[in-house]
Every structure is written in C-alpha cells, then in structure tokens.
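Novice: Each chain, written out:
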Amino acid sequence: MSLNSKDDDLRSIPQILARNARVHGDKPAYREKEFGIWQSWTWAQAAEEIEAMALGLLELGVTSGDHVAILGRNRPALYWSMVAVQMCGGVPVPMYQDAAAEEIAYALDHSGARFAIVGDQEQVDKIAEAKESASNPEYVIYLDGRGLRKYDHSAMCSVADLTTKGRASGRRAELQAIIDGLTYDDTCIMLYTSGTTGRPKGVVLSNRNVIETAKNSCEFDHLSAGEEILAYLPMAWVGDFIFSIGQAMWTGFCVNCPESKETMMTDLREIGPTYFFAPPAVFEGQLTDVMIRMEDAGKFKKWLFDHFMDVARKVGPDLLDGNSVSFGDRVRYFLGNLFVYGPLKNTLGYSRFRVGYTAGEAIGPEIFDFYRSLGINLKQLYGQTEATVFITQQPDGAVRSDSVGVPSPGVELKIADNGEVFYRSPGVFVEYYKNPESTASTKDTEGWVATGDAGFLDETTGQLRIIDRAKDVGKMADGNLFAPKYVENKLKFYPNILEAVVFGAGKERCTAFINIDLTAVGNWAERNNIAYSSYQELSQLPAVLDTIQSHVNAVNKSVAEDPMLAGCQIHRFLVLHKELDADDGEMTRTRKVRRAVVAEKFKDLVVALDDGSSTIYTETEVTYEDGRKGKIKATLDIRDAKVVPTQKMAAE
Amino acid sequence: MKTSYEPYVTADGRKIGDAMMDMRNITLRFGGVEAIKDISFDIREGEIRAIIGPNGAGKSSMLNVISGFYNPQVGEVWFKGERRPPMKPYQVSRLGIARTFQNIALFEGMSVLDNIMTGRLRHMKAGLLKQAVWFGQAEKEETENREAVERIIDFLEIQAIRKTPVGRLPYGLKKRVELARALAAEPKLLLLDEPMAGMNVEEKEDMSRFILDVNDEFGTTIALIEHDMGVVMDLSDRVVVMDYGRKIGDGTPDEVRNNQDVIDAYLGVPHGEME
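Protein chains in written order, with the numbering used here: chain U, 1 to 652; chain W, 653 to 927.
Looking at chain U on its own, in the form it has when it is part of the complex (with noise of 0.2 Å):
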C-alpha cells in the first residue's frame, strides 16, 4: 500500500482516521459478529460514527485533558469511544474489564477520569460499586442497554443516544479545531499495569509514541490494508491497543470483534486473520485439542497424521525460513500440505497466517516448533507496556524458539553489568501519572528504561536472550550466574510437571522442587494401570520418580549446552507432596511462584536438599477451599540428577 507524502504529517489517531476515511473509504475497517452474523463498517461509517460519539462527548462536556475511563469487552463501538475521547482533547483510559471492584476503584481515582464508557450491565454495576468510595466518575455512557431501564438516568446514557445527541450538536467546526490542534507530544492513551509489585502504574504515551512504534512495526512485517486481525485480548493491554488502534489505522486494516469470549475458537476459524497474536497459553491449548483428538482418532488417520507431522518437523521450519530443501522433502511436504497441514490449520482457523507472535511467557520449542513445522509464521518479540510494546521481535527468516529476536526498528539496547536489560527507543513512555519518582526509577535522564528483565545478546544470531526477572538472578557460591527462572521454565515444558522451584543463590549447588500435573501424569497411570489414591502418592511413585528423573536429567543436559548458564544444572530434586496453591500463599492469584514463601516454609525440605539425605519426613500445614486448615504428613524420596560436567568443572 503505497501511503501518500502528507503521512509524515499525520500527529494524532484522529488525523490518521480521517486519512483512512479519505484513502480507505470503502474498505472494511471493523467486524464483529452480532446475532451471528458478521456485521462490517468501512472506514467511511467508523470515521462518521466516531464523529457523532465524539460530538456527544463534546455536548456531555469533555474538554481537553480530561481522562476517560473505557471498560468492556473487545468491541468496535468501544475502540471508536477511544478515538471519540482523543478527538474532544481528552485522553482514553481503558481498564481490565474483569478486574475486581476495588482495582476499578483505584484506577478511577487514580486516573481522575470524569467520564467512563462501559459495555454492560456489570460494568456499569462496577462503577457504581467503586463510586462509593470515589467521587468520579461524573457521567457513565454505556453500549449494551441490557437490564439497564430502571437504573437512574441522570448521570447515565446508552451510546446511541450519545450520537443521536452528538448528530443534532452542530459543532462541527470546533470539533475540527481541537482535532487540528493536536499535536506530537500530547497523550494518546493512559494504560495501567498489571501491578505485580504494588499498585498498578498509570503509564502515559503520546501520539509520538504510539504512532512511531505503529509505523515501524507495520514495516518491519511488511503489514499493509490487506491484514486481518483478530480483537481478542484485554483492550486495557498496550499490544491490543498497538495492534488493533495504532497498527490498524496507520495501515487501514481490518479489526474483527468476537461475539463473545466463549466464541473465540469458532470466531477465529471463521475470520481467519492474516496477521494474529496470542500469548503461550493459546497455542498450548490449540495443541493439546488437537493431539487429544488425534489420540481418538482412528488407526488409518493417526498413522497418516504421525507420518506427515514427521515430515513436517523436519522440512517445514526451514521451508518457512527459505533455507534450501531437497525435492523429495518438498516433494512429501507438498502431499502432507494436503492431506494433514492444510485441513489442520483451516480447523484452527491459521489458513491464511502470514505472521503472528507469542510474547509474555517463555513458550515451550516443541509447541513453537508444531506452529512453524506446519507452516505458520510464528515469531517471538519481547516487549512491555513502557517500551509502547516493542523491544525485540524477529525478522522473517531468522525465528528461534529459544530467543526473542534483534532490537526492533529505533530500540537501542545496552545490557548491564548486572545482565539487566536497558533500552531507549522512540517508544519510550513519556512518564507513570502522578508518580515522578517511579518514572525517575525506571527511566534516567537520557531515555534508558530499565526493563527490570536480565539478559543477554547471543553472540551467534545476535539475537536477545531473556534468563529471568533480574531480581531474581543470582550468583552461586562459586560465582557462576544463577537464573532459576531459565531452568525452571525447561522444566515446565515438560507437560508432566506443573510447577519447579529452583534454588541455588549463594550455595554450591543447585537443588529442585518439582510438582507433578496432577492431569497429565493421572493420565499416564491410568494408561499403564497403575494405582493410585491421593495425589500425595502419585507424586512419591518410584515409576513417577523415574520419569521426572529423565526430564531433570534432559533439562540438565540442554542447560549445560549454555556456558554462561551451565552452573544452574539441578545435582538434586524432590517432588513435592502437595500442589502449590494460592490458597497456601505459596503462588500469586496470577499463578506466579512466591518463591521466597516457599523457600521459608519448606525450610526442612531445602536442608534436606542440601545435607544429601535421600528421605525426609515432613508435615505440611495446609488450607482448604472453605478456608479450614489441617496437616498433611509425608516421606519423600529426594533423587540426584545427572549432571553434564562443564568446562570449568572437567579442568578443575
């Protein structure tokens, strides 16, 4: 798409909607199925619906600087109330839609935001809820009048009595004004972060910010008119909103809307999107359906799918990557296209896939490695809020599953002595609302931020490698570098274990505990008849033991491939009795290991590790559903892994 000269003028959304509608006037811009049926808008009726939203915003009385708290589920009427915002001078807010009543309460005050625009019922219901405690917002406009007809009007009204309002306003021309005078550096948008370590940050990018970082990443994948996205994740998500506002209008392509979140799947297949971004979770979801369902299959299909998944593994990912494969291979790969590829990605709605990434979490290599092998364009990058998403990402070509990729267009990078990650960019948020002294933490006077993320730049592809959190990493006793993390997320790979606690900070050694899926290894023994009755037992099975055993030893041997981490090989490991448990205080509700809990209250356990007795006897307080406590007594068997000497070690 060839973009005309005036672009490097475009300094607001609203200017850039306004181009679309002129340019892309009668090209799709937004679906969303309703009623099951698809129902579009062009870029022309977005531009004109959003208008009449911002005229009634401008009629309820939203000025310039004003916050407006946006709350709901993916929907078009939602993404255009955000333009509507920035076209009266206001900034959008958008918050997590499920979060809890009180975190609504924190950002609404935090924020100040006048106004909220909310989906349903229970977003309005939430408002209400916080407003008890805060004074704002003044004024609730909402989408779906659902249930709603009783509740006092006075301060509230559905959005097709805004634009009715803003239609019959006749101030046109001094919408036009505000709109013309935005500029470069006033805020686009206003997003929390999720707030792992204390309150959530109220991050603020401006219109430079986010359409620098659009216009880079749309030519850095080559994204044009033509793509199809998929709206999906929490709009509240700086990636949802790069991708489905600042990537979407700079290029003018179309966003889809599911009916619902229980929709999704079917959605996805129907739409098809060219361009598509899910976190790890996703993918290992679509996997584990599909080789369920092929475990059922019949004899004939599962044979043919085995064979041509083989074939798959071993061509696919270099066909993607345009290295050179032998014309038999390309051959076979051709008739697995058809038989197996092809019909797999139309179910799981990746037929017409030309790029998509993973980012959040570490993704195992073998579910990366099913994604490419079929022919899907899966790519990593590494990114956060601060940074208006992008830092790495990987180019075409150059896709590895264990690092996330080269600095993106405009990011410098610099690693500290530490291993910390720095980057500066044209991305780089401009501050924390009203918290000078994090922004002054995070980000120093000449535009580094700290990621907070320790890493390295492999020297081979020069790609960046992330370890862990950089708080959490180490050094032994012998000076080696300790990543608990790295290993941990190897081990978790493993669909037989659910969870790893790696210790190591200061010892000789490092030590493991491990927690069986209670799902996946429930599985197995029923397959193989073995008995069980309790979780505790299944975890302290000999032949259980066993297969951990290979797994540890397995990670033990890929973390030795890696000489700067070949120190955090695990020398011994226990399973543990129980599951970690939120309940228990031993994870976060997001299911993150508190690893500092877990260390102080199986104290016993990590001595035990340590000292090299092979049982130990333990009593666990535990906490039931219902909030009672009791104890749970147990012996486990502590095993030694094989350890692959490393270099330092063979010469001592």
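It cannot be assumed that every hint is accurate.
[Claimed, not checked] Straight-line alpha carbon distances no greater than 25 Å define the calculated BS3-like cross-link-like pairs of lysine-lysine that follow:
hint, chain 1, residue 1, chain 2, residue 2
1, U, Lys-33, U, Lys-261
2, U, Lys-345, W, Lys-815
3, U, Lys-150, W, Lys-815
4, U, Lys-33, W, Lys-792
5, W, Lys-840, U, Lys-261
6, U, Lys-261, W, Lys-856
7, W, Lys-777, W, Lys-740
8, U, Lys-603, U, Lys-633
9, W, Lys-840, U, Lys-150
10, U, Lys-492, U, Lys-578
11, W, Lys-815, U, Lys-261
12, W, Lys-815, U, Lys-33
For the record, the hints were derived by calculation from the structure and aren't laboratory data.
Starting from the known structure of chain U, arrange chain W on it as the hints suggest.
Specialist: Coordinates of chain W only, in the frame set by chain U:
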C-alpha cells in the same frame, strides 16, 4: 369473586396489570384420585407467580391445567377476561402460552439453533409446499425467524453452543436451551416447571437472572413451580402454596412465609395434632 384489579407499579419499576389467568374452583381427578381440590387463584399481567408445595402436592398438575393439557372436571379457566374452553396444545400455543418441562424435553440430536427454531412454529405461516421448495414467503419467514432466534441466543448468552447438538450439552445448559425455545414463541405467559431442579448454585443464579430479565425486558408474565424456597422467595411477586391438592396459602412471599399452615406443611406437625 374478584374479577378486576387496579394496576400498580412494583418497587423495582415493573408494571403489574389486571388478571391474565383466572382459575376458578378447579378440581382435577384421575379416576378416584383427586389431584387438585377446589383451587382458585389468579395470575396477573406482568407478575412472577410461583406455585410451591411438597412432593405430590399437585403442582405439576396445576401447571398442566393452566397450559390446557389437562381439562379439569370441575371449575373454570378464564384467560384475559374470557372463559377458555378445552383446547388442543397448538391452540394454547396460539393464545401465547409457552412452557418448559420438569424433565427436559428437547430434540437431543438436533442443534441448539434448530431446537430453538421449533419454538417459532406458531410464527410460520408458509405452507408445506412453499417450505419444501424454499420459495417466497418461506424464505422470508425463515430469515425473520432466524433473526428472532438469534436475539434470544444473544439474550441467554448461548452463542458459543449455537451449532452444538443438544445431546452433548450439560444439564444446566439444556435447561437454558429449553427456556430459549419457550421464549422463541414470544409468549405472553411463560410456564416454568422446576426451572432450577438439579442445578448448582452458580447455574441457579444464572437462571434466576434470566427469569428476571425475561420478565423485565419482554414484560412476559411468568408462572413457575420451584422447590428451592430461597429462589422462589427472591424471584416471585406472589406465591400459591399447595399441599395434598389443596391451596393452603396465597400471597406475597412474606405473607406466605409467616402462614402457619405453610410452616406446618413444610416442617411437619407432631402426630397428636394431626387431623
């Protein structure tokens, strides 16, 4: 006998009108067994009316009399100010009465969508021939009916199972599909036979919300039978209590809760005091 009421508006803003259904001195016998003994009560337009009672009290029989499935030996059924003669089920449907069943009665092999579509029967006028060749009126009707059905699917939040065969669904969802089918008929009076039997707490909460929403959004009058006292007391405007085929209480949930006969029937009385 009272025949006319003053309309009023409830505390939460719903309009309750004149009597829609009036049951006058109904007695229903199966051979020598008297299932219903001389019961009179009414259902007013726009209200949620519950019928409660212990097992075998005659609740379902009563619902079947209202729906016209049973014809009482004694007594009169008045509907919208007119005496209703004995009727065939399709005639009852045309009057604007729809129902769900205690033990789900759906077409297991058909999709959710098709099941709900069957509820639109009374809105389909095209003849067999036109439907078979998919011509003119038939095509137009199908589009209109599908639209109505999709609105109900949206209303009950079952988009994700639209194309799923009913047989594959869990119990709670089947109940919701059954409600959807009844709603598809756009009834004026909706009869629900134990809509929450066998559900867990969460499913009950969902169903309660849908019942209230149906009543509120569409103004549908609802008569329901339910065992769960908590649910009944929360949902209903008025409650009829039955025991051994007799009416032992009638009034608002509070009135019924404090009625001595009702307490005795539910909690039992010592042997010596029994009649």
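Novice: In ascending order, which of the hints set out earlier in this document are inconsistent with the structure?
Specialist: 3, 5
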